[in-house]
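Engineer: Now for the letters of each chain:
Number of protein chains: 2
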Amino acid sequence: MPLDTDQRPVILTGDRTTGPLHLGHYAGSLRNRVALQHSHRQYLLLADTQALTDNAADPAKVRRNVLEVALDYLAVGIDPAKTTICLQSGLPALAELTLLYLNFVTVSRLERNPTIKEEIQARGFGRDIPAGFLCYPAAQAADITGFKATVVPVGEDQAPLIEQTNEIVRRLNRQIGRAVLPEARALIPSVGRLPGVDGKGKMSKSQGNAIPLSATPDDIRDAVRRMYTDPNHLRAGEPGTVEGNVVFTYLDAFDEDRAAVEALKAHYRRGGLGDAAVKRRLEDILQALLAPIRERRAALAQDPGYVLDIVRSGTRAARERTQATLDEVRSGLGLLAFERIEDRACALRDSTAA
Amino acid sequence: MPLDTDQRPVILTGDRTTGPLHLGHYAGSLRNRVALQHSHRQYLLLADTQALTDNAADPAKVRRNVLEVALDYLAVGIDPAKTTICLQSGLPALAELTLLYLNFVTVSRLERNPTIKEEIQARGFGRDIPAGFLCYPAAQAADITGFKATVVPVGEDQAPLIEQTNEIVRRLNRQIGRAVLPEARALIPSVGRLPGVDGKGKMSKSQGNAIPLSATPDDIRDAVRRMYTDPNHLRAGEPGTVEGNVVFTYLDAFDEDRAAVEALKAHYRRGGLGDAAVKRRLEDILQALLAPIRERRAALAQDPGYVLDIVRSGTRAARERTQATLDEVRSGLGLLAFERIEDRACALRDSTAA
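Sequence lines, in order, name chains A and B. Note that the numbering used here numbers the first sequence so that position 128 is 128, with each residue one more than the last. Note that the numbering used here numbers the second sequence so that position 42 is 42, with each residue one more than the last.
Looking at chain A on its own, in the form it has when it is part of the complex (with noise of 0.2 Å):
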């Protein structure tokens, strides 16, 4: 469909390229997304440029992964006739828009950005933190209104990614003098970050609590094996508690049978379910969710080059999106447009005259 006459709201999300995808991405935003490509205009972002921010170290596991994330996209159902999926490196117009917001925004304000500030902290950089780390913000706001989107699905700590990206689109519309750029709101899902099979914090690969969407059968027996659910729950007959407890916060997650998970949360917390039982339901339920995406994603996997393809084709789709939007900022703001530089000169004659 023309951009002109697809009046779906726009949708942009993706990942950084820096793993294979698990089970809490499935759980945040994968299934989602999914969904949402029927009723929305979707692009997803292979964000390569970014995973580079804080992985300037190791940029070969940051091309390695761009495969990796495409084919759990395609795994999970992500259709690459309803959804863009493009590569942030291929986007040039990504990285110009980048440098012209970085005008717009003070140091003082990206240090003042809480989700930075955070991150800064939870890596370790202290001082030393890399510029592009510090001006990811700007890169953010390039990404999502280069393809003009409206809707950004983050998690709650990222809303203030998305509150910076609209002080700059403000900040461009009112020097512009008329709306180029739309503001976006933040989709912050309703079900909050998968815990790790631990019950250790978040999900993540690097804590190794982590289910890869890859996972074969028995990696996910093992992995229910071991996940934490009540540490003073040691015989079935007794009661039980819930709240942290691993096993149940997959059930709210995956098991579609709510009636069901609140029947068995009321007998665990009254006593007389063991560990073992719910456990067996919860296997159950990831072996069938998986499997198809674990099969999927194998076959997938087969050829890689048919992948590549997918994303080349996007990425070029992307590309027009998003020099499109550049053009129009840069003519917005009074700049020459190189392409342009021909049909200006008649333009340019006259202001030099004036």
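Derived by calculation from the structure, the hints in this document are not laboratory data. Be careful, since some hints might not be right.
Claimed, not checked - Mimicking DSBU-like on lysine-lysine, the simulated pairs with C-alpha atoms at most 35 Å apart in a straight line are: (1) A:Lys61 with B:Lys148; (2) A:Lys148 with A:Lys82; (3) B:Lys205 with B:Lys148; (4) B:Lys265 with B:Lys202; (5) A:Lys148 with B:Lys279; (6) A:Lys202 with A:Lys265; (7) A:Lys82 with A:Lys265; (8) B:Lys265 with B:Lys148; (9) A:Lys117 with B:Lys117.
For chain A, the structure is supplied; the task is to place chain B on it using the hints.
Structural biologist: Positioned in the frame of chain A, the structure of chain B alone reads:
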């Protein structure tokens, strides 16, 4: 000449497009460039992107002066057959290299850069420095390395920026494992910056003490008349001081008859030579110097389309050059290059199988 057979050293230089150039630019850089274009592969960058880092509120000025500066280049004798004149914002590879390099330099290193420190102070930015301004040393490193320049003519105060560039070059080459990028050396002109006609600091349009390259004969006469000399040299018969006397500084810069200038200085020092006589000599020299420049400039200004054609075709050539560097750097780092996704399917298959 194709890139690989041209063994001449590569020079990158250029100007921020914030205003037409003046006699200070001519003395400090333009006339050197006219000479260097014979022995060097010279690229002149119309630095509109960089100009925005502290002119975001007035992009129209930045746009308008693209043509003005290009006119100045051609008027002084830059030959587009020998020198590539190109528009910075027409070179997306430079934006991409900039973002990449920002990952290889820390915020504290940028803040310690003496040039940045001084310019922050001079522009009165304080804590509200635009992020783009703080990052401009990385952009400059992208400019220099994008063209693989080894010689960069800069004022003495800009030498730390070349050192910063070479730090990034060394860091990248170390990571890539071979010298993909050359180090650059600063070419610092033997003559210092030309003072303004009022003797207060360097010549600068914003200080109102500049003689533009398009100055009319009357402008030149007036400028020389009000030129700062020795305020204590009230009568021609008395001894006068040559040091800090702008008329003599300009004679040093523009009078090719060195012996005559030395004789004039001696005469002035011992007394008996009036300011009016020295100014007449300087005025004759400046009129002779600027008349052909002014005439060529006026003729070219009649045909902005022709001038922009030169810029456009130079930008096209520069696009190839800078894109080749970006590809080489990305591939050296092991990153995926969009243009080559297809070629790399096999390489990816190998690396993911490992």
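Engineer: Which of the listed hints are not met by the structure?
Structural biologist: 5, 7 and 8
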